[in-house]
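**Q** Top to bottom, those sequences are chains S, Z, Y, L and F. Taken in order, the first sequence gives residues 1 to 223; the numbers are from our numbering. Taken in order, the second sequence gives residues 1 to 367; the numbers are from our numbering. Taken in order, the third sequence gives residues 1 to 367; the numbers are from our numbering. Taken in order, the fourth sequence gives residues 1 to 220; the numbers are from our numbering. Taken in order, the fifth sequence gives residues 1 to 288; the numbers are from our numbering.
Hints are supplied without guarantee of correctness; some may be wrong.
Claimed, not checked - Partial list, derived from the structure: chain S residues whose beta carbon lies under 7 Å from chain Z: (1) Asp116; (2) Ala120; (3) Gly123; (4) Met124; (5) Arg127; (6) Val135; (7) Pro138; (8) Val139; (9) Ser213; (10) Gly215; (11) Val216.
FYI, nobody ran anything at the bench for these hints, they're computed from the structure. Glycine included, each C-beta is placed from N, C-alpha and C at the ideal position.
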Amino acid sequence: MNWLVDFFGDPANWSGPDGIPVRLTEHLQFSTVALLLAMLVALPLGLWIGHTGRGALLVVLSANAARALPTLGLLVLVVLLAGLSTDLPVLIPLVALAVPPILVNTYEGVRGVDPDLRDAAYGMGLRGGQVLGRVLVPVALPLILLGLRLAAIQVVATATVAAFVGLGGLGRYVVDGFATNDYPRTLGGAVLVALLALLVQLVFVLIQRLLVSPGVRRRNAVR
Amino acid sequence: MITFDEVTKRYADGTVAVDRLTLEAPTGEITVFVGPSGCGKTTSLRMINRMIDPSEGRVLLDGVDVTTIDPPTLRRGIGYVIQQAGLFPHRKIVDNVATVPYLLGWDKKKARDRAMELLERVGLDLKLAGRYPFQLSGGQQQRVGVARALAADPPVLLMDEPFSAVDPVVRTSLQEELLRLQAELNKTIVFVTHDIDEAVKLGDRVAVLRVGGHLAQLDDPATLLSRPADDFVREFLGRDRGIRRLSFVSGHEVGLRADLTVPVSTETAGLRDTAEPWLAVLDEDGRPLGWARTDDLPASGTLAGVPLAPYGTFDRGRDSLRAALDATLLSPSGCAIAVDDAGRAEGVVTREALSEALDRVAGGAHA
Amino acid sequence: MITFDEVTKRYADGTVAVDRLTLEAPTGEITVFVGPSGCGKTTSLRMINRMIDPSEGRVLLDGVDVTTIDPPTLRRGIGYVIQQAGLFPHRKIVDNVATVPYLLGWDKKKARDRAMELLERVGLDLKLAGRYPFQLSGGQQQRVGVARALAADPPVLLMDEPFSAVDPVVRTSLQEELLRLQAELNKTIVFVTHDIDEAVKLGDRVAVLRVGGHLAQLDDPATLLSRPADDFVREFLGRDRGIRRLSFVSGHEVGLRADLTVPVSTETAGLRDTAEPWLAVLDEDGRPLGWARTDDLPASGTLAGVPLAPYGTFDRGRDSLRAALDATLLSPSGCAIAVDDAGRAEGVVTREALSEALDRVAGGAHA
Amino acid sequence: MREEPLVRWDWIGRNWPSIQSLLEDHVVMSLVPIVVGLLVALPLGLACVRWRGIYQPTMSLMNVTYSLPSLAVFVMLIPVTGLATRATVIVPLVFYSLAVLIPAVVDGLGSVPDHVRQSAVAMGFTPLRRLLLVELPIAVPVVLAGLRVAAVSSISLVSVGALVGRGGLGYLFIDGWQRQFYTPIIVGVVLVVLLAAIADALLVLAQRLLTPWSRARGTA
Amino acid sequence: GGDPLTNTSPTPADSGAASSSGGGGSKKVVVGSANFPENVLLAEIYAQALEAKGVQVEKKLNIGSREVLYEQVKGGGLTILPEYIGSLLAFVDKSTTAKSKEDILAGLKEKLPAELEVLEPAAAEDNNSLTVTKELSQKVGLTTIEDLVKVAKGYTVGGPPEFQARQEKNFKDTYGLEFKEWKKTGDATADAIKDGTIQVGNVFTTDPKVIINGLISLQDTKHAFGADNVAPLVNKAGVDETVTSTLNAVSAKLDTAGLLTLMKRVSIDKDDAATVAKDWLTQNGLAS
Ligand SMILES: Nc1ncnc2c1ncn2[C@@H]1O[C@H](COP(=O)(O)OP(=O)(O)OP(=O)(O)O)[C@@H](O)[C@H]1O
Ligand SMILES: Nc1ncnc2c1ncn2[C@@H]1O[C@H](COP(=O)(O)OP(=O)(O)OP(=O)(O)O)[C@@H](O)[C@H]1O
Ligand SMILES: [Mg+2]
Ligand SMILES: [Mg+2]
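So that you can see chain S by itself, here it is in the shape it has in the complex (with noise of 0.2 Å):
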């Protein structure tokens, strides 16, 4: 508890470029981007496949593939290969990171959603994207919003090694902390960092107070 007062209760750590609110904002930044990215090419993909069928074998093995990604090669190697002159290439590794939660979560939770309820849907005169939108996304919703919050709590406790090819964040603090033997320094950067995914946790409950219907029931995630 000492090396949290000591971490916590530095005046110097709260301000300037290193303090920890630049480096919070630096972390949430660039795994909201991360995120975000993820979301782009996870949802739709998902969403379609789940809808048509297609491709579904092959989406779910490679996300499992991507899954086995070592982020932290995929960081060296990326960033090796297009240079620190930007953040994107720190965030490839991350969103390979968060696309597969997303992905399997979203493609599951609509391929779930009870085959009656779709063929409901399309007798009344429902079109696809109809069907998509008004009936397979509410229903597959708290399942979506499960993977999603997967996905952004493990970008938010990955994003630390992303400090080691350079990157700010709070990752700063644990590899900072490391380098220079100041325990209390890795050990505070870690509970920033478990902080701000509770907080994730959080928002997404409140999502998902807000989006989901009360009518329809929680499924288990995939993880």
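Given chain S's structure and the hints, the job is docking chains Z, Y, L and F with the ligands onto it.
**A** For chains Z, Y, L and F with the ligands alone, coordinates are given in the frame of chain S:
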């Protein structure tokens, strides 16, 4: 009117689900497709609203080939009810019912008003309107399904085993509800079931399909029961065919004897030497009280003090000959008391009268 | 014998599921619990094998209070069959059936042999033994469920709506299977259903429960149908009570007329002036061929060339009066042909004869 | 920079023995957490099913653990487990796999249909036998699905350990990074993915072998 | 003996890349290295030289910074660590002003805790440096650190996380050098220089990326970084006579030019540190 014209459906795997089906489902009537599992009932039904397109032949809706109509447009004009109701779990009951009106661009208020009206019509408590489907029982969900299919007042209604998931008691009440509704609405209904009793009860016409998608017989229920086209149909109709057939013969077919009823105020003295073993005793309003056995009548006094045996009645206006038969079998006298709507006795059905009526029916059956 | 002695079950939430139930399920008989949903049938049944323990009163098995017996031991001696069969999805059919023998420590070979024997006995193809439950149809699964319950030859069998999830045709065959088995095995069976037809068909005795867990009536089926204890039971028994009651009257009750049958070789000449409108024509072996209308007979030749109307038959030895009635209603002549086991005509049941038999029954019902 | 080829095949040939030993180290460090995780998750999952009340707290704890950055945990464990030891990597990975496996066990037991459980009781199974002979076997497909995810993530996460001196194939990433040398990185990534694919395939195979009864269940 | 933590690890056989010989012997030494290639190479050289003498060696290479490893050597987790005397002294004695090799060695003798010792330093020096791109060097005319003083207020400087803490004051005191901003670029310092994220970076002169990218290391005319001869830092309790003499023999053969050649092999030819170390040892008769 819905017309199947030499319709064949062959699935990708080679299964022939429907084989050169030709039939008509007349406007304003309930046509039932019945047959064993896998005989192509669902497939046939779904070719009407283009959930499935035929491999050969044509399905016509009032003379128009349905394949010329854009599926969503076609479907919005056709109500569709399925077994598990297929309610949208994320929408409140009222919004479920208003789905098609919303799709058709009705304004929200009008669509909801219409939904409420329909909920009432299918016999649901309006309190349920704000609930979600999971908060309803199976039977209630099924009623919502029917209401939803009716929301935009489509002329045609397709129902695929809509009541098969609920328990027998609820099922009976749903069936009666449907008949009541149809009496008001006069939709063109195609109804799929694998339960022959349901088919015979609901159908104006019943199409019996056999596995492989062949039409085995298409007839009104009474004809179906009395003259099954072949052994398959006979077998499928099952036992009690003769008795069940009586359901389609009106109670009016049977002759009554008015002389077997006596008011309760009658003196017993004059009755003791009647040849009849039993007499139906009526109260002042003409309602039956029970049977008195003439041999056991006391020597004096009115019938008021006499012990009476319970009676069997049937409503000649509403009930069928089957109910009359059942009533005679339940009655200790072997005779049933025919009553009118108000419950007043119109006369007594003796077994001889029943026999005569049955003879007429049986004779007619194979004419 | 299973005895309920003033048994009450109150659930933690205060629901009284069973209220001072006292009844006996005699050894070697099928006792059916029937009643509307939620009336406490399942609860009562489960108090027998201690899946639930009573709040008050005692359940005795052959005089021994079941609460004095260790539950697993008790249960291994009581077969239990439920609606979804409850088969173990991860075990092959044969191992499913051998479950209790394994539990009892039988050796593997013996347990499997026993399982195979039982599969055969419940009418399953032995090829299925090596399959997994998901590869079987609902009806087959249900049969396996019965076989499994019988595996260790328990004297008592509890069945909770075992056939309610399968379609009507399969259901009927399962019911008949059960009756056949019971005729061989003579188990003490308690059977729960909410279907009164099933109750009446299977039960040696039927206990009708009403919601709140009260016993409304306990009687053999024929008595139940003819003398329902109160309006609740009468209502619950539903329509056709009179007709259904006939199921319990043997076909032997009805008198036959032998003079209405004629061999096909008979000359028509002598038959044309009979007073009877219809005659049953038989082949050389005495099997019915159909009805000849006497008015339409040609002046000469034998009956061989005469057009015959289809006939209704019933097996006097096996069928009930209900089947006889149904046959008369189906026959164009209004008469049924009674046949023996071999299908040879024994005589003709006229409507008068039937009427007379019915009179006896009806009279007996309220005697 | 452009002249550096993406893959120098000769380098792979020359350094194969050391790559191989890294691979072995990687396998050990990713396998142990899964096995240990499973051994711990089973009783914990059972406890969570038995006492529903502890499930939520347990999962909250697991979720917090799951959101701790692995690198930070590795660093903080060094004083306890030592520098560049396998334990430093294995211990946190055990917790990560628990976060996946406990819900898998709980969901797996939850997937046992109630009527199956009831009929087991009615046939006179004692609680322990019921668990071992009925409930656990039926839970296998769901548990294995969880195990697949745990295995793949574990294999991928081990490489982060390279930042604290012990990361199996992750060493290749650091090495390649420092020397601006793609080959080891690519070799590392490919081997990690391959390893994960093999582990996944083995688990799928195990599922097929262990649960012939659940195959094509959906179509039955 | 050995590493008690390896013993607590769930796997009994310690057969990873980080060890080249099965543990267990009481004389086993643990050679560590910091997380940059030259240090890894030096550690390989030490380790293989010792192995050639039959010493049981465990390698824990490419791990972290001095801050981490120093503690480990002190605690006995590591036995031997390739070090740089100037930097090491600056680390143990923040206030030192020693610049020459002799002063530094004297300083180390005095300041190192009792359990630690620096063996014979080699002739090879690997200076810490401030490095810029060739383009910047030509444009502004930068060849020495002094040249930097006049422009530094507009520059961002980057380096490993520990860099600012170690050197900020030193630069100011020695050169009057002040930068606009300090960035922690860690292992990406060379890349950052190249990208222009920073203008000046703290990298070793033998960093492969300096060599590969042709970066220019500015001359340290006032010896701000101090003499940085390579020398093994050892935990006294862990080493015996064989170890000491072997390492001293290695140091005797190691010079700056030689080290640079070796580093070129590692950096450009992408030969493995182990192979390069082995070749060098063989050539110098320190192993067969
Ligand atoms: N998409 C499909 N592909 C291949 N065969 C199909 C398909 N859908 C149905 N079938 C087959 O076509 C036949 C008719 O199926 P259909 O669903 O119309 O029967 P049904 O009469 O509705 O049966 P049930 O009473 O079981 O609902 C069956 O043999 C069925 O297996
Ligand atoms: N565990 C329980 N806790 C509280 N109430 C219960 C419980 N189990 C059953 N009940 C209630 O006890 C009553 C009787 O239930 P039971 O299951 O015995 O009825 P049932 O006759 O078998 O009905 P069904 O035909 O629907 O199976 C019902 O009102 C039911 O809601
Ligand atoms: Mg169907
Ligand atoms: Mg029940």
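**Q** For every hint, state whether the structure bears it out.
**A** Hint-by-hint comparison with the structure:
1. Asp116: At 5 Å from the nearest chain Z Cβ, Asp116/S passes the 7 Å test, so the hint holds.
2. Ala120: Nearest chain Z Cβ about 3 Å off; hint holds.
3. Gly123: This hint holds: Gly123/S lies near chain Z, its Cβ roughly 4 Å from the closest one there, short of 7 Å.
4. Met124: holds, 5 Å
5. Arg127: holds, 5 Å
6. Val135: holds, 6 Å
7. Pro138: holds, 4 Å
8. Val139: holds, 6 Å
9. Ser213: It holds, given that the least Cβ distance between Ser213/S and chain Z is near 4 Å, below 7 Å.
10. Gly215: holds, 3 Å
11. Val216: holds, 5 Å
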